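Q: Using mature numbering (1 follows the signal peptide of the UniProt record, and there is no 0), the letters of the sequence shown correspond one by one to residues -35 to -1, 1 to 467.
No lab work stands behind these hints, which were simulated from the structure alone.
Please note: incorrect hints may appear among the correct ones.
Straight-line alpha carbon distances no greater than 27 Å define the calculated DSS-like cross-link-like pairs of lysine-lysine that follow [said to hold, decoys possible]:
1. 247 <-> 121
2. 45 <-> 93
3. 140 <-> 94
4. 94 <-> 126
5. 247 <-> 228
6. 140 <-> 121
Owing to the predicted nature of the structure, the values given are computational and were not obtained by experimental measurement.
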Amino acid sequence: MGASGRGQGGFWRWEFLRRIVVLLPLLLCPALISCQTPGRSGNAGSAYRMEKHVMGINYGRIADNLPSPDEAIQRIMDLKIGRVKIFNSDATVLSALANTGLEVVSALPNEDIPGVAQSQWAADQWVKKNVLAYYPATNIVSIVVGNELFSYPSMKPTWDKLMTAINNVHTSLAKDNLTSRIKLSSAVALDVLASSYPPSAGSFREELVGPYLQPLLKFLYNSQSHFYVNVYPYFAWASDPNNIPLNYALFGASTPGVVDNGKAYYNMLDGQLDAVNAALQKVGYGQVRLAISETGWPTAGDANQAGCNLANAATYNRRLVRKMVSPTNVGTPMRPGVYIPTFIFALFNEDQKTGQGTEKHWGLLYPNGTNVYSIDMTGMLSDGQYSPLSDNPVFTSAPPPTFSPGLVPSTSGTWCVAKSGIGQEMLQGALDFACGAGGADCQPLQAGGSCFNPNTIHDHSSYAFNSYYQKTKAAGGSCNFGGAAMLSTTDPSHGTCKFPIS
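Work out the full structure: start from the sequences and follow the hints.
A: In structure tokens, the structure reads:
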């Protein structure tokens, strides 16, 4: 083969030796980074990712009526969102995110942790399939290994495997020199705290600290990775709405809601975050930085769920954006000036989610891609620069519980119909609400349905408004739709299209 062949063989021998030198520490310690201590510099070539002050969004897909990933990603970009967090490593979504410039936080779901923890080979295969196949065209900056794992006692056997899975994935990324570009972490709920009030009293549940949180936090400290926390002021407020001022939960308090060790808290989110910061300090990892992996406010819910309405959701998320993307006013009273990457939950309303009614109504968008309410994700608009929401009372009321079918056509009674002279844009928005979050039965409006014709926005809106009204009036629903609807004692049924009445 001549000189060139010998030269090539020499190259591969040196390359083999180089890789052994690079990987030897990883072989001796399953994750080099986890063997270091807080007093040392950790990954010297590493630094926190996600430093640009832009908003993130959670893109969940537990629904049967969502647009394609390509369309969804386009809407994310239209909204000027800078980061997207997903809950698995779906190939169509990761492909749709390629060459968009969006920072992507991918996920290794709870159910996949045991498999990846089983062997280094399994982790290598997972990284090859779910990371290397898309990176760098898809700008994956972080992988969240497990979501709220410690909230599920039934998954306790998986708790023990969390750090093994993280270490295995870290070793896999190290083989391609990606550990400084793709950070690893895990997301927790606030129930990891044993105490959260006042903020300085924040502490972790004792049973989690030694076996689970200490190893995780050591890894995060040394790798300069964020500690992801799901933080929902809504649930804290809704648990005690008579004693917690709503303005405190909605970033609107003019006086401190809490003064703790000389630190004034004007909003609940800061208090919740600093409870986590205090807990971190107590276990020796006060320098670990936080990222908000989920936060938001629902636009609707069950009749017994307080405060879940359009006005509160819009107020919370608009003010959240302004706070989190501010070039100067970032951080918390305990850690001022420290930027906190934040992901709003969620992009879409997801109709297949189970649980309380709020679970289906966190989205910024309806499934058809229209806004549930207007929001400037760059944080440039003040409250006063948005159009008032008070003109849309029906949108701000929680939808009622699901009723059994009992609506029948009638020749007498009261119906809810669209007013004449209302602009098509206003009608379309109201129609989208009625057929989406409002829960109206809009099946007859589909092509071939009994009420498809006349195929006009006005006629379709009348049917949808009436369906919503008849279902909800017993639970306090109104016929308003922002002034687009009115009550009528004339039966609007026509031909085969029968308007039900309860």
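Q: So, for every hint listed, does it hold in this structure?
A: Going through the hints against the structure:
A C-alpha spacing of about 24 Å is found between residue 247 and residue 121, which places the hinted pair at or below 27 Å, so the restraint holds. Of the supplied pair hints, the one linking residue 45 and residue 93 is violated, its CA atoms being roughly 30 Å apart against a limit of 27 Å. Restraint check for residue 140 and residue 94: the C-alpha separation of about 15 Å stays at or below 27 Å, so the hint holds. Between the alpha carbons of residue 94 and residue 126 the distance comes to roughly 21 Å, so the proposed pair stays at or under 27 Å and holds.
For the suggested pair residue 247 and residue 228, the alpha carbons sit about 18 Å apart, so the restraint of at most 27 Å is met. The suggested pairing of residue 140 with residue 121 is violated, with an alpha-carbon distance near 30 Å, which exceeds 27 Å.
In the structure shown, a violation is registered for the earlier hints numbered 2, 6, in ascending order.
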